[in-house]
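> Chains as they are written, first to last, in my numbering: chain A, 1 to 532; chain B, 1001 to 1487.
Since the hints were made in silico from the structure, they are not lab data. Any given hint might turn out to be false.
Stated by the list, open to error - DSSO-like, lysine-lysine: derived pairs with alpha carbons at most 30 Å apart:
| # | chain 1 | residue 1 | chain 2 | residue 2 |
| --- | --- | --- | --- | --- |
| 1 | B | Lys-1442 | A | Lys-172 |
| 2 | A | Lys-167 | A | Lys-114 |
| 3 | A | Lys-114 | B | Lys-1450 |
| 4 | B | Lys-1202 | A | Lys-114 |
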Amino acid sequence: MLTNWINTHLLTFLTFAPILWGALLLCLPERQAYLAKLLGLLGTLGLAVVGFSLMLRLAPDPSGALFLEHQPWFTVVGLPVDYHLRLDGLNFWLILLTLFLVPLTLLGTWNSLKQRSGAATALFVMLEGTVLGALFAQDLLLFYLFWEAMLPPMFFLIGIWGGQDRKYAANKFMLYTLAGSLLWLVALLYVASHAGGFTPELMGQAVTAMPFGTQCLLFVAFAVAFAIKVPLFPLHTWLPDAHTEAPTAGSVILAGVLLKLGGYGLLRFAVPIFPQAALHYAQPLALLSVIAIIYGALVAMMQLDIKKLVAYSSVSHMGFVVLGIASFTVIGVQGAVFQMLNHGISTGALFLLVGMLYDRAHTRQIADFGGVAKRMPIFTFFFLVVTLSSIGLPLTNGFVGEFLILNGTYVSGFAWGRPMAVVASLGILFGAVYLLWMVKRVFWGPENAAEDSGTAHLHDDLNAREIAVMVPLVVLIFWMGLHHRTFTAHSEATVTKLLADIKAPSPRAVQVIPADAHPALHSDHGSSEEAH
Amino acid sequence: MPFAQSLLESLGRDLPYLYGPLFLVFAATLMIWPGDLLVGRTNKRAWSYVAFLVLAAGGAMALYAPLGQGFSGMFRVDGLTKGFQFLSVLAGLITIVLSQPQLNALREQTVEYYALILFSTAGMMLLVGATDLVSMYFSLELMALCIYVLVAYLRHQERSVEAGMKYFMLGAFSSGILLYGISLLFAATGGLTTNLAELNEKLALATPNHTLLVFAGVLMVLVGFAFKVAAVPFHMWSPDAYEGAPTPITAFMSMAPKAAALGAFVRVFGTGFHGVSGEWMLPISFLAGASMVLGNVAALRQQSLKRLLAYSSIAHVGYMLLGVMSADAQAGGQAIWLYMLTYLLMQSGAFAILIHLQGKGEGERIDDFRGLARRRPVLAFAMLVCLLSLAGIPPLVGFFSKFYLFKLAIEQGHITLTVLALLTSAVAAFYYLNVVATMYFKEAPEGELKPMGSGLALILTVTCALILVGTLFGPKLLDWTAKITLG
Chain A
1 MLTNWINTHL LTFLTFAPIL WGALLLCLPE RQAYLAKLLG LLGTLGLAVV GFSLMLRLAP
61 DPSGALFLEH QPWFTVVGLP VDYHLRLDGL NFWLILLTLF LVPLTLLGTW NSLKQRSGAA
121 TALFVMLEGT VLGALFAQDL LLFYLFWEAM LPPMFFLIGI WGGQDRKYAA NKFMLYTLAG
181 SLLWLVALLY VASHAGGFTP ELMGQAVTAM PFGTQCLLFV AFAVAFAIKV PLFPLHTWLP
241 DAHTEAPTAG SVILAGVLLK LGGYGLLRFA VPIFPQAALH YAQPLALLSV IAIIYGALVA
301 MMQLDIKKLV AYSSVSHMGF VVLGIASFTV IGVQGAVFQM LNHGISTGAL FLLVGMLYDR
361 AHTRQIADFG GVAKRMPIFT FFFLVVTLSS IGLPLTNGFV GEFLILNGTY VSGFAWGRPM
421 AVVASLGILF GAVYLLWMVK RVFWGPENAA EDSGTAHLHD DLNAREIAVM VPLVVLIFWM
481 GLHHRTFTAH SEATVTKLLA DIKAPSPRAV QVIPADAHPA LHSDHGSSEE AH
Chain B
1001 MPFAQSLLES LGRDLPYLYG PLFLVFAATL MIWPGDLLVG RTNKRAWSYV AFLVLAAGGA
1061 MALYAPLGQG FSGMFRVDGL TKGFQFLSVL AGLITIVLSQ PQLNALREQT VEYYALILFS
1121 TAGMMLLVGA TDLVSMYFSL ELMALCIYVL VAYLRHQERS VEAGMKYFML GAFSSGILLY
1181 GISLLFAATG GLTTNLAELN EKLALATPNH TLLVFAGVLM VLVGFAFKVA AVPFHMWSPD
1241 AYEGAPTPIT AFMSMAPKAA ALGAFVRVFG TGFHGVSGEW MLPISFLAGA SMVLGNVAAL
1301 RQQSLKRLLA YSSIAHVGYM LLGVMSADAQ AGGQAIWLYM LTYLLMQSGA FAILIHLQGK
1361 GEGERIDDFR GLARRRPVLA FAMLVCLLSL AGIPPLVGFF SKFYLFKLAI EQGHITLTVL
1421 ALLTSAVAAF YYLNVVATMY FKEAPEGELK PMGSGLALIL TVTCALILVG TLFGPKLLDW
1481 TAKITLG
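Take these sequences, add in the hints, and give me the full structure.
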């Protein structure tokens, strides 16, 4: 009976099972923290198994959806709201990433939290459910509900289990995101009242009838909400605080999963609903993301705290995602989708590793370390691999994503495409500088001789549990680097259709792409060979 | 005796519309005399039960009253009347329960306290059904006079008396303005009518010579109402009155009179002044915008939770004024009703916790909530639910009603104000979250907390449960809302 229900309501199950499970775990008394952690881990693991086993068997239906749940929900002020969950090429891997990353994070930070770790686990499990709900939701009001529901769990994770300035960081995170999404809500209501519903299709139709200026204003309201989540320069200032103060697991989920919603929202909603405005704003978007790439990298270079460094590298890497979207080429957008996965794996793994180091040394200052490689060879190996993937070394995932995006930007046909691609590629160079410089100072050189330095506290290398967490991540890093078609094949059809829809009926498109500059498909092929 | 006969006849016809409020008035009178003579000094607590039952019975009578219009068009029972009467009665019932801990602790149980609540609730019930400016004024005064006294109820406490005095002085002043406005409008119609429906027709036909008269009259009535609902800049009394009043009365004031006054606001401006909406739309939009901004910004700096809730209620009124501005009075009334219903749930939940922590009336500082999550996880969670809902965070029910209201405002073309409303909600989220952060992120002080009384616990459980699952019953809520019809 239950399996039958799950088979027909897979998406509902994946969304609400963790939410309910987390709520249940939250009720466990504090002294049962171990049980809560165990149940949380098993629950998310079970969910991942169910999700993987079912989702990998699905075949797309003619409309491109792999799985669909759609029924009318209720009508508010004459506007029908649909309960519309959908799995397709665009969210497929992001969902698998979420399913995969949450149990790994729970396992990886098993002993990190000393107090009330049961409640933290429960919040993580609930957070997973809301994120999955937001990724599945196709109705904008439903999406908005899940989008906002993601905030409170993260707010508490940062605020209760965070570091010194946790209250400030938690408030900043919450208010920044909330302010953006409230403005977005106005735009959403405005479009919905013109469209007579919250489905992207209806909204898209209604938008074409609006004056261009209104379209642009509405697009900006949508884009700002998503850009805050990404986060795009200059709306990124909440991220370093949130990342630095959050507990390890919070940082991993924030980087690995929550930030993705920003890029995903842009691609799924903002761009298809406002195609003309999106094309109109392609240049400012690209400019901001190039600034984010360079600025994030430069600021990361100057950081004294490893975690803060990784946080700023997040800004830089997520800048690539928006750059790829702004190129409006199949290859660039594919790269953006791929880069979201990359960033989830690599930065997530980096945060996990930094957390493991912090658990032992109780400090994250680069200056407190030195010569760690001698004391922790296994740890150093994993750290190095992940760092190199984050830099974008060929053979690793980072290379494929950044290459596709830069390629897409270069061939986008926009006048600014080539210069921006050139400038953005400097970001990769800077990435190598700040990451390798940090690695050098932390892992090599003479051992830090000071008595209470970080290195002095490092007595044991990674244990079996921690290795078990890192191995799948490293495998994925190489798999994504060596055979990216496993991942890009799913989104190709969706992305191609999306871009075709955007560009086809654009009487007002500001910059029409010349017919001969359509090398997207060829170079996609080319790049895959390059990546091999 | 044809006169007496016709009087009896019309009374027999019209009285059923008023059974609810009349029952309250009679019962309250009987409670004071001779009822109070029959119970001893120690048994005063029993009056709370009596008052609760009387109020519930009065509410039920009002809810089952026949629909129609009576007393020469002075009073009307329609969906709007019943909906807002329901809210006032509900607020009154909640207030009676919330009053118990503090009145018992201070040994201040008297029959007059409950009688005043009943009288003012009767006034509210009349107010929302009033379809004539004069009957509206009378009921408003009945409601307000009782509340002046209730604010100053703790006569041994200086701040309570001071608050009552302030409220009374300013309230009397604003009543004067309101009455003057009514008389100007009466003059503008040529001294013919104060009935809302007729007024609407007459005002639209006013000659150019009279437009200034109409404008001044409408504006003065607006000022009177703005004072009653505490909209900026006529809110000056409210933080002091809220802070000084006994906390249960603060809860009462932030719920019941506001609901009733907003119901009457919609009726008067939506039906009576509908034809001249050009005259008052701009002033109301300024009131609304100023209330949102000032209410929320001033709440940011408050150290006392009571004052914080007072200022935030100013902001919530600002949001609800968006509903009054709706060109479609019925849709506006529905949106306000829904908002008020959910606001009532959240506010009474928050006040239940405040009253519990306050004990005899001291600990109301936000700082007193430090580490509540460690000491009382359930209580802190309940407070969290209420506060997040007040902040309008989905999927709690507070979001749902805000959504409904803002959706209406956007449809009516008030886009700038809606943007302002949402921006200020972000400000509101800041101070609500600040309380949450104090509860969850700070260390608890030493000392034990006493367990919660069953009355408060019941209210808290019910309101929190409704806030949590309310959105799931959105369709049901909307069905009820659809019953708030005018005429």
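> Please write out, lowest number first, the hints stated earlier that are contradicted by the structure.
4
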